[in-house]
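Trainee: Could you slot chain B onto chain A? The hints should help.
First to last, the sequence lines map onto chains A and B.
Start counting the first sequence at 37; every next residue gets the next number (this note's numbering).
Start counting the second sequence at 878; every next residue gets the next number (this note's numbering).
To be clear, the hints were calculated from the coordinates, so they are not data collected in a lab.
Glycine is no exception: its CB is placed at the ideal position from the N, C-alpha and C atoms.
Within a straight-line C-alpha distance of at most 25 Å, the following computed DMTMM-like cross-link-like pairs (lysine to aspartate or glutamate) qualify:
hint, chain 1, residue 1, chain 2, residue 2
1, A, K101, B, E1301
2, A, K96, A, E115
3, B, K1305, A, E87
What follows is a list of derived Cβ distance ranges for each label pair:
hint, chain 1, residue 1, chain 2, residue 2, range
4, B, T1118, A, Q187, 16 to 22 Å
5, A, R272, B, L936, 17 to 23 Å
6, A, G149, B, P941, 37 to 43 Å
7, B, F1176, A, T112, 18 to 24 Å
8, B, L1362, A, Y92, 31 to 37 Å
9, B, L1362, A, I74, 39 to 45 Å
10, A, R66, B, F1198, 25 to 31 Å
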Amino acid sequence: MNRIPAALSHLLPSTLAFFTPAHGASPNAREIDTLYKITLYIALVIFFAVEVALGYALVKFRKRKGAVAAQIHGNTRLEVSWTVAAAVILVGLAVLTFAKLSSIQDPPNSGPGGAVLGEQNNLIYASSSRKLPPNGKALDITVIGRQYIWQFVYPGANEPDGLGAPYSYEELVVPTETTVSLDIVSSDVVHSWWVPELGGKFQAVPGYHNYTWFKISKPGIFRGQCAFLCGRGHARMIATVKAVPPAQFEEWLARQKQLIAQANAEAEKARAKLKAQTGAGAVENP
Amino acid sequence: MATYAPPIPEITAHRAEREATGWTSWITTTDHKRIGIMYMVLTFVFFLLGGTEALMIRLQLGAPNNTLVTPEIYNQLFTMHGTTMIFLFVVPMMAGLANYFLPLMIGARDMAFPRLNALSFWLLLAGGIVFYASLFWHPPEAGWTSYPPLSDALYSPSGGQDAWIYLIHLTGLSSLLGAINFYVTVANMRARGMSWGRLPLFVWAILTYSVLLIFALPVIAAAVTMLLTDRHFGTHFFDPTEGGSPLLWQNLFWFFGHPEVYIMVLPGFGIVSEILPVFARKPIFGYKAIAASTVAIAFLGFLTWAHHMFTTPIPEAILVFVMLSSFLIAIPTGVKMLNWIATLWRGTIEFTTPLLFCAGFIALFLIGGISGVFLAIFPVDWQLNETYFVVAHIHFVLVGGAVFPIFAAIYYWFPKITGRMLGEGLGKLSFTLMFVGVLATFLIQHVMGLDGMPRRIYEYDNVGHLALYNLISTVGSFILAAGVLVTIINVWRSLKVGVTAGPDPWKANTLEWFTSSPPPVNNFDVVPLVRSFEPMKDIRNEVQRRSGDSGAGASGTATVPAGATQVGL
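Chain A on its own, in the form it takes in the complex (with noise of 0.2 Å):
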């Protein structure tokens, strides 16, 4: 029984929480929250004046002794104002919608503090296919998709055909004040990313490519995971998102580039030594 009272008492401070999307990371999940509130403010006055009306109404013209039901079949020009009314309220939500799009899906510059995006490093990214910040420059990192792990891939290949790009797997680290943007696919079914502190979900469906954008001004830690339905691993499905300084980012980075070097001699070895054991060709390079 204390259980519940306890967890009122840390409700009532965060009431406005309770009743709002998770937002505050990212200026694009921000936007978004701000859009839900209005539109959340807008709801609960219908919602009570529609409630309200029907209490009062059940409550007000219940059967009582000596009462007539009066004979209305309508009134014409009653059910042409709600209608409008209706169709008012409606266009100004499409219109606030109109007016805040563009801040909620268009990526604006990485901040002064940003890390440095360019050839000498090979973090950048330039492409028509996505929207991208007014100077054309974001890390452009690929979210992938498997069951039941997301894998991200850096810029940064060192060989045409995309190979020896640097890449993590569930957790994400990117810089802080960066716009960093997502070019989301899928190697088996369809996943969705989402990390509710950064904005919205989106699809990876397979054969598609998907995009969207954060940018992080503190470091933090943001968690999320998979929001469709991909198969019995679905729930432990989990992706994590880093946001550390830039200069911590090019040096973890660096590191990790390091560490799958390692790991690739290391596997090259044990190929070798396996094909020393069996006999060559009897293991073939996958």
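Mentor: Quick look at chain B alone, frame taken from chain A:
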């Protein structure tokens, strides 16, 4: 003078048909009433199965990181639950109600094609058996939406997915034949004087339901056939590695799937539009507006399917178009809500159980309708899509918009079907438990979604207050189930000891109350001339007028001042 007494002419108005008895008479019957009863009983059994699956889902989610069921069984549970409730409960339950009452309401002897009608029922049963037989092997686990590639042979090799495909085909064929039958019946077999403007609103709803089914079902039939050939015959409609497109499935599925929502709720709207005026003792407010908005919703319902695909890679122009068309559909729906409240306004409301379920419907469906507007705003949907917010939305729409009207219909029409009244005490208890249960189960799910809980996950970590929210939801689901159980007990009791109903216990407005309860095989010996959309009210008023009773009698309409209704337009 010899008196001459002419023989009194005797005319047999109809050849009296003897009611067939025994179990074979049920299997061979083409009587729309018996078929209707079989529909209702069968679909209610599926409702209980689907409900049991829902309770198991809620038990699993009652605590964080619960290990009650495996992920495999969990996926099977929500696949079975969604599929059962939609294809084996709501849609065919509406067909069952329409089967029984549509011919009676329009003064017809039976459906236009009685044998086709029987075929519809037996196809439904076959679909249900095919689907539930998979329990003994391997039930499907790709969700009721069955998106490929997950539903492809590679990722779902079991026969359960094929059972799902055949369920869609068999129940789809059943619904399609039923829809054609309803349409033809309404178009051709209405009582004399029943013009389109005097059609009961439930019949308008079923007519629209039928048209929606006729347009939507061929598309899902094509889609599941393509899935079947992808799975077994080497085609690649949905296989991206061979040039197919998983998005094609999403488009085809939702082209059917969105109208399907209106297929499920429009008959509910019709039921409410019949029941509210009876217990408010007032004509429906804005008959034409309600009939027209039903048709408008049906039309717009075909333009909004891509709002289920806001997070997929589709062009922005489509996102905008679909947002606006989804907004548009809120207008006729809102108009209906206000019309129903205006129907209660200045009435003399009798708080019977059917009326309570209708009022509960308005209160709950409003929540589902409003949350639908949030989901139509596509940037907001990017946050809410595929979370428990959507689960809450669809359950307020379907439990509010379909299950509550179905329960209203059960309480309202049970006396006509069986000749006995259901208990009002148990009925009100059932309503209270169900209303509280729905609010407790689903209101909190909005918050779960806003806090980032995706749907279709078998376990979750104890972050924030998720554990508490889920516990509330689970407790709520059992309250809801208790409410359903009370109605079952009520039905069981009333079948044995219920008060005799008589032909017109509610003093209702439509023609089914003109005949005895239960109606004879031929429904009516005489069909009265219909002069308004409330023919029974006209008849009662006429009887009162002729008998010189100026209106202080026991009947409900006795309070109606003479001449106030538009009798004999």
